[in-house]
Each structure stands twice: as C-alpha cells, then as structure tokens.
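Asks: Read top to bottom, the protein sequences are chains A and B. In terms of numbering that gives the first Met the number 0, the first sequence opens at residue 0 and continues consecutively. In terms of numbering that gives the first Met the number 0, the second sequence opens at residue 0 and continues consecutively.
Bear in mind the hints are in silico, worked out from the structure with no lab data behind them. On a predicted model such as this, the values are computed, not experimentally measured, just so you know. Be aware that a few hints might be false.
Said to hold, decoys possible - Heads up, simulated EDC-like pairs for lysine to aspartate or glutamate below, C-alpha to C-alpha not over 16 Å straight-line: (1) A:K180 x B:E108; (2) B:K248 x A:D222; (3) B:K248 x A:E79; (4) B:K132 x B:E108.
Said to hold, decoys possible - Beta-carbon label-pair distances, calculated as ranges: (5) B:V246 x A:V375: 27 to 33 Å; (6) A:R224 x B:E192: 35 to 41 Å; (7) B:D90 x A:L360: 23 to 29 Å; (8) B:I159 x A:L370: 44 to 50 Å.
Think of the CB as a built atom: it goes at the ideal place given N, C-alpha and C, for glycine as much as any other residue.
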Amino acid sequence: MQGFIYPNEFELHWGILVVLYPYVTGLVAGAFILASLERVFNVKEVEPTYRLALLTALAFLLVAPLPLLAHLGHPLRSYEIFLTPNSQSAMAMFGFVYAWYLMMVLLLEIWFEYRKDLVLWYQSEKGPMRWIHYLLTLGATDLSEKSLKFDDRAGRWITLIGIPSAFLLHGYVGFIFGSVKANPWWSSVLMPVVFLFSAIVSGIALVLILYMLSSLFRWKPVDMRCADKLASFLFYAMVVDFSLEMLDFIHRLYESEESIGILSQMIESRLFISLIVLQVVLGTLVPMVTLGLTAPALGKNSILRTPDELRRLVYIGSAILVQIGIFSIRWNVVIGGQLFSKSLRGLTVYKLEFFGIEGLLTTIALLILPLVILWVLVKVLPPWTDAEDPSGRGVYGPGKL
Amino acid sequence: MISKDGDLSGNCPTAPPRETVDRREFLKKCSLAAPVLLGVVHAPLLCAQDSEGQPYDPSEHLYGMGIDVQKCIGCGQCVAACKVENDVPLDPHTFNTWVERYVISESGEAEVDSPGGGMNGFPPLEAQDGLLKSFFVPKLCNHCANPPCVQVCPVGATFITEDGAVLVDDDYCIGCRYCIQACPYGARWFHPEKHVAAKCTLCYHRVTEGLVPACVEVCPTGARIFGEIERRATPLARFMRFNDIQVLKADLNTRPKVYYANLDGEVR
Chain A
0 MQGFIYPNEF
10 ELHWGILVVL
20 YPYVTGLVAG
30 AFILASLERV
40 FNVKEVEPTY
50 RLALLTALAF
60 LLVAPLPLLA
70 HLGHPLRSYE
80 IFLTPNSQSA
90 MAMFGFVYAW
100 YLMMVLLLEI
110 WFEYRKDLVL
120 WYQSEKGPMR
130 WIHYLLTLGA
140 TDLSEKSLKF
150 DDRAGRWITL
160 IGIPSAFLLH
170 GYVGFIFGSV
180 KANPWWSSVL
190 MPVVFLFSAI
200 VSGIALVLIL
210 YMLSSLFRWK
220 PVDMRCADKL
230 ASFLFYAMVV
240 DFSLEMLDFI
250 HRLYESEESI
260 GILSQMIESR
270 LFISLIVLQV
280 VLGTLVPMVT
290 LGLTAPALGK
300 NSILRTPDEL
310 RRLVYIGSAI
320 LVQIGIFSIR
330 WNVVIGGQLF
340 SKSLRGLTVY
350 KLEFFGIEGL
360 LTTIALLILP
370 LVILWVLVKV
380 LPPWTDAEDP
390 SGRGVYGPGK
400 L
Chain B
0 MISKDGDLSG
10 NCPTAPPRET
20 VDRREFLKKC
30 SLAAPVLLGV
40 VHAPLLCAQD
50 SEGQPYDPSE
60 HLYGMGIDVQ
70 KCIGCGQCVA
80 ACKVENDVPL
90 DPHTFNTWVE
100 RYVISESGEA
110 EVDSPGGGMN
120 GFPPLEAQDG
130 LLKSFFVPKL
140 CNHCANPPCV
150 QVCPVGATFI
160 TEDGAVLVDD
170 DYCIGCRYCI
180 QACPYGARWF
190 HPEKHVAAKC
200 TLCYHRVTEG
210 LVPACVEVCP
220 TGARIFGEIE
230 RRATPLARFM
240 RFNDIQVLKA
250 DLNTRPKVYY
260 ANLDGEVR
C-alpha cells in the first residue's frame, strides 16, 4: 500500500477470474468474426478455418460464464439475473446477451452448417457415433437440394445477425467497465470499441494458433495462403486496436484530469511490467512489426521474403505473443482499475493466490477447459476441410452444395 | 395560617388577590407541556416519529445527515458504535463509517490517514514544520438520490427506500460486487461471512423506531446531525440553512444526502 486508500478498498473485489471473463468472451467474439469473414465477405483463403473458428467460439463461450459463477458470493442465486433483472443494470443484460449469442447465433449457425454432414455421417457410420450424429440432426435428415439450399441461406442470415451480435457480446463487456463513472481508469466511451477490436485481434490469433497446431498434430500441411491471410488480418486488426488504445492514452494525457497523477503513478510502478512490457512492447509492438514485415499484409508480397517454414514459426510466435498481450490488456483493465484508490491518493496491491476458488490454479483449469471441450467438439464434428478430400478443397466447406 | 383549600391570603390581608392554580390543574398543564419540552431536548427523535399509534410510513420522511467538519474531534466513537450496532466485523477493512484525518502543510500538500478507520482515535501528530491545518472528516454512505450502486445491481438486491436510505437485501444479493466498484466513495464492502455486499443502513432499524443512527447518538460534539431534509423546522434543515453546504464528488451527479459544512477542498 502506498499513500492513502479508503479503508474499505484494502481488498480487491474483482480478481483474476474477472480478468478471465473478458479474455474468454473476447476470444469467442473474435473467433466468430473471423468465421464470418469467410461466410459473409467471401474471403476464400480463410475457408479452412471456418468451422474450426465456429467450434472454437462455441467451446470458449460454454466456459465464459464459469469464471463469473465461481467469483459470485452466492452462485446459487445467479438465476435471479434471469428472473428479476434490474433493467437499469448493464450486468443484468449478461444472461440475455449470452443466451442470445449461444442459442440464436452459434448453435444455430453450427447446426445449419453441419446438418448435411451429420446426415451423411449418420448414414455411413456404425456404433455410438452414428447415434450421436443422428441425435444432432434433430431428426432433420432431408438432403434434398431445396433443404440444403435453405441450410445455406439460413446460415448466411444467421452470420449476418451474428456479426452485430458478436459486436454486442464483447462491446457489452467493455460497457460494463466503461460505464463505471466512479472509476477514472475504466470510465471511457472508447472502452467498448477498444474491447471489441482487441477481441478481434485475440480471436484471429487464437484460430491461427489452433489451425497451425492442429495441422501439425494431424500431419497435414498448413495451407500457407490461409496462414498468410490470417496473419494479414491479424496485422490489420492490431493496427486498428493499437491506434484506438493510443487515442485513449493520448486523450487522457491531454485532458489531464484530476486522476492523471495517480494513474501515471500506477503505470510507472504497479503496471509497468504488465502494461508497458507485456501489453505494449511484447504483446503489441513486437508481433505487429514482425507481422507487418513478414505477412503479405501491405501488398501482394511481404516486405521481407521468408521461407514458409520460418514464416509459420513467426506467425505462431507472434500469435502467442498477441495472446499474452491481450491477456495483459484484460489484466490491466480489471486489476489496474482497482489498484488505485478512488480517493486518488494512494495505490494498493493485488495478491494473487495459487489455490482457492479465485486462485491461479482455477484460472489455469478454466483456460484448459475450453481446449478440452474443443477437442471433444472436433471429435464429434470434424471441422477439417481435407478430411476426406485429398485435394484439400473439402466437401464440407460452406456453400459447397 | 393556611386554610383548608390552601389559600394563604388570610395571612396577608393587604396583598392583592392572586389567581390560584390547584395541584391537579398544574400537573395537567405540565403533562401537556411535556411533549413540547421533550421535543426541544430530543428534537431529532421526534422528527423520525410518526403520530402515536400509527404504523411507520416511509413516504412521510426523507432522511439525510449533516456533518460539521469543524466539530469532529476524531475520537472514533461513531465508528465503534456503528460496528457494535450493525454487527460489522471488527477487522480493519470493513466499515460502514470511518473517520479520515487531513494534515495540510503550508505548501498545500495534504496527507491523509485513517488508521483502523479512526475507530480508536488517531496517533498524535509528529511535530513538523510548516503545518498549516489539520482536521477530521467522518465518512459514510452518502445515501445518494441518484445512486450508481443501485443502478448497476444486476438483480435489484440493492435499492433506495422511499424515505431515502440505500439498502442491500442480504437474502437477494448474488455477491457480484459490481456495486462496490460503482460506489465512488468506497462506502461499500464485502461481508466476509455472509458473502454479500454490505454498507451503512443509516441505522434503518433505529430510524424507523424513531431513534437516531448509532453514530449520531454517540457523537460527543454533535458533529453529526441526522434528520429530515425537507421539513423546515428540523435540526438538519437548520444546519443546512445556516451553513455553507458541500457534498462529496458533486461532479459525478450522484446527489448525495450527506451534507458537509466547513469542508476543505482537499477532501474527496
């Protein structure tokens, strides 16, 4: 503790689990927006990641409420958010935004996307998988051209609705923080927008990592056109995200409100490692410059010509750095917002415990859980475009009816 | 000689005749005057009472608190009384009310402390050069008319009563702690045993019985004034009329109902 803090501010009320929540929802929104690039904007190069991105979004979305539930003082009362929501509360909308996104966007889109294959799998398989796939068709086994066309059209419409929904999902998380006028570190109209773009950055980076690793483990070649395109999109999203963050930073500095003194002190001391080193330098500048040089983002060819093997390493290394950077952003927002006193006269510290419900161990478990769910989803709903088609173009690709 | 009916005039024939008051009538008049006399002494009590026999009607009241910074001596009695009255855990990081000490040097720099919420008073100031002034500021929930904590509660477990108190329903709070983040005054805390948000209730259980909050009751200097805001003849209304009043963090438009007199600009 340094300076004066109100006596009730000694304990930080939102810990690492609340850091995890915007991180995970960001990955969901980002992965979905990446998927919709292919579907709505017809970016054919990223097609191999379309289904993987959808399943990734679903796996992480299923885990998203868990850190919040674990954090609640009375998790068993959480259903009250649905029964008696306070219409004025930003947080009360969580359940509805979440349910809308899960039920009306992701599950529906995945179902329409996979229905044809589910029927084909069910017809050709034996054993329990046959019945699992049959169950997942929900009995809709009609493969007539008309019904397949309907699937495609429905999928396209759902994606169209899904893009603003994904924006809503994560922009809304930003609003939860940005609307707290009591907290000068949070209170910013840019917060939802910054959250959204950092979500897109993290989602693209995650799908890039998962795509490269899954290709590696499956002994399949990485489609470099796809990897280059993903890296280029990652670069563009990072440029926008970083510009917005810089705008926020310069705006605060220029306005120089009452809180500027204590916030500067906090950045120089408590947040130096997580903000300057991890978020800005390692998590943003290094990968952004690297991607800018190696990915064909600024023209048909990249600035530095690199062999595919090296470029793959650069991409995956950059994407991992981006993940560290985005996690740091969430950390700096959530924890940083509580490290200074609302009296603007002092700083406190956050002591992260290892065990316990709000400890590091739970956090790691909650970060691994979506990967386990994704593994199961991939087993039940293989997303690979090259699974049965040696040409690599895939029979499963969307719109290939 | 005193006559049977108590008439003394017989002993003093030259004295003018006086009006006599018999004992019964005297007592009757006294009993009528008693409420008025008590009212003067215990005015704050009266302002919280409804007419006799009537159930408490919150719509007839609007409570607030005045704090005269010049009168606070930093004894911490209010903090201790609140802890006892409201079952607030004794640990030094959970307070419904606390007292801050400001020490301002001649250069204008302010140093603030509140050891143990000021519950056991303050250590003497070390002799230092250039000390300009020092004063104590009692803090508590501001029972805002536009409370951000009530706005953010996802389930409506925290609410504002008709008579102006901001309260938490222990049986309904889910323990998300959004309200603690939303309070600009650091007035809310998380109950370590009940796992719900907790705060000053303005001693609602006392106020609705016609008593004053515990912190007001024990203040030896009358630095805290409790009462009705909207009635003209209450101590709080007088306090607000005869002092320059300020509220904390007015720019946030929370419209606090804790009114400070003689507040220094350094206080946030």
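Asks: It remains to establish, for every hint, whether it holds in the given structure.
Replies: Hint-by-hint comparison with the structure:
Taking the CA atoms of K180 of chain A and E108 of chain B, the gap is near 26 Å; set against the 16 Å cutoff, the hint is violated. As the CA atoms of K248 of chain B and D222 of chain A are separated by approximately 58 Å, the hinted pair breaks the 16 Å bound. For the suggested pair K248 of chain B and E79 of chain A, the alpha carbons sit about 32 Å apart, so the restraint of at most 16 Å is broken. A threshold of 16 Å between alpha carbons decides the hint, and for K132 of chain B with E108 of chain B the separation of about 11 Å falls inside it, so the pair holds.
Taking 27 to 33 Å as the suggested C-beta distance range, the pair V246 of chain B and V375 of chain A does not conform, at roughly 56 Å. Range check, R224 of chain A to E192 of chain B: Cβ separation about 60 Å, and the 35 to 41 Å hint is violated. Between D90 of chain B and L360 of chain A the beta carbons are some 26 Å apart, a value that agrees with the proposed interval 23 to 29 Å. The supplied range of 44 to 50 Å is met by I159 of chain B and L370 of chain A, whose beta-carbon atoms lie about 45 Å from each other.
Hints 1, 2, 3, 5 and 6 from the earlier list are contradicted by this structure; the remaining hints agree with it.
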